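Novice: Sequence:
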Amino acid sequence: MPEMTDAEKAQTMLAVYFRTQAAIEKFMGPQRLPEWTAFMATFTADGIRAANPEPAGQARALLGNFSRVLEVYGTDQTLTDTGDQIELKVDRCGIYDYRERAGVELTLRKPCEFCVDLRYRTAERLGLDVTHTLGERSCQWRTAVPAAAGADRPREQHEDGTP
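Under my numbering, the sequence shown has 140 at position 20, and the numbering climbs by one with no breaks.
Think of the hints as simulated: they come from the structure by calculation, not from any bench.
Treat the hints with care, as some may be off.
DMTMM-like, lysine to aspartate or glutamate: derived pairs with alpha carbons at most 25 Å apart [as the list claims (entries may be wrong)]: (1) 146 with 249; (2) 230 with 207; (3) 209 with 191; (4) 230 with 211; (5) 209 with 249.
Ranges between beta-carbon positions, derived for each pair [stated by the list, open to error]: (6) 268 with 132: 34 to 44 Å; (7) 184 with 267: 32 to 42 Å; (8) 268 with 150: 37 to 47 Å; (9) 267 with 169: 25 to 35 Å; (10) 184 with 151: 23 to 33 Å; (11) 152 with 222: 17 to 27 Å.
Computed from a predicted structure; not experimentally measured.
Positions of the beta carbon are idealized from the N, C-alpha and C atoms, including for glycine.
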């Protein structure tokens, strides 16, 4: 059997992940899906915390990691970091497109149902606030980036005004 190319490996992994997620959604059903998103949010938040001990890094990872997942699906998106805010603008969601081509029986009417719940639950576990707006196959996400520890503390000054 010939060895798979990197692109073929990526597509195979994507298909396996997608089919697994669809099977979990079907098994759990819409009523129990919040249990799955709660589990995944805890798992995701723990991973973000382990890789990013500072809250600012966690805020960046919350939407940055999501952006990387969307990238795998070929999403048309823009991630912007202004220093005090992260914004993810999705012009066309590749997950939405992929699910139409996947040939997998789906439980959820829109992929957004899982995605939105997971993002909010993960943010809550990290102590972050996140907001979003949904469009048709598009969305926009924002989260504030907390100041670095000690960044907002006034520096001690001497009588002559020098630090």
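Novice: Work down the list of hints and note, for each, if the structure agrees.
Specialist: Tested hints:
Distance restraint check for residue 146 and residue 249: the Cα-Cα separation of roughly 30 Å exceeds the 25 Å cut-off, and the hinted pair is therefore not satisfied. The straight-line distance between the Cα atoms of residue 230 and residue 207 is roughly 22 Å, inside the 25 Å bound, and the hint therefore holds. At most 25 Å may separate the alpha-carbon atoms for a hinted pair to count; residue 209 and residue 191 meet this at roughly 12 Å. Among the hinted pairs, residue 230 with residue 211 is consistent with the structure: their alpha-carbon atoms are about 16 Å apart, no more than 25 Å.
For a cut-off of 25 Å, the pair hint linking residue 209 to residue 249 stands: about 17 Å separates their Cα positions. Checked against the hint of 34 to 44 Å, the C-beta distance between residue 268 and residue 132 comes to roughly 41 Å, which is consistent with it. The given range of 32 to 42 Å is broken by residue 184 and residue 267, whose C-beta atoms sit roughly 18 Å from each other. Taking the beta carbon of each, residue 268 and residue 150 are about 41 Å apart, inside 37 to 47 Å as hinted.
Between residue 267 and residue 169 the CB atoms are about 18 Å apart, so this pair departs from the stated range of 25 to 35 Å. Hint check: residue 184 to residue 151, Cβ distance near 32 Å, so the stated range 23 to 33 Å holds. Distance hint check: the CB atoms of residue 152 and residue 222 are about 22 Å apart, consistent with the given range 17 to 27 Å.
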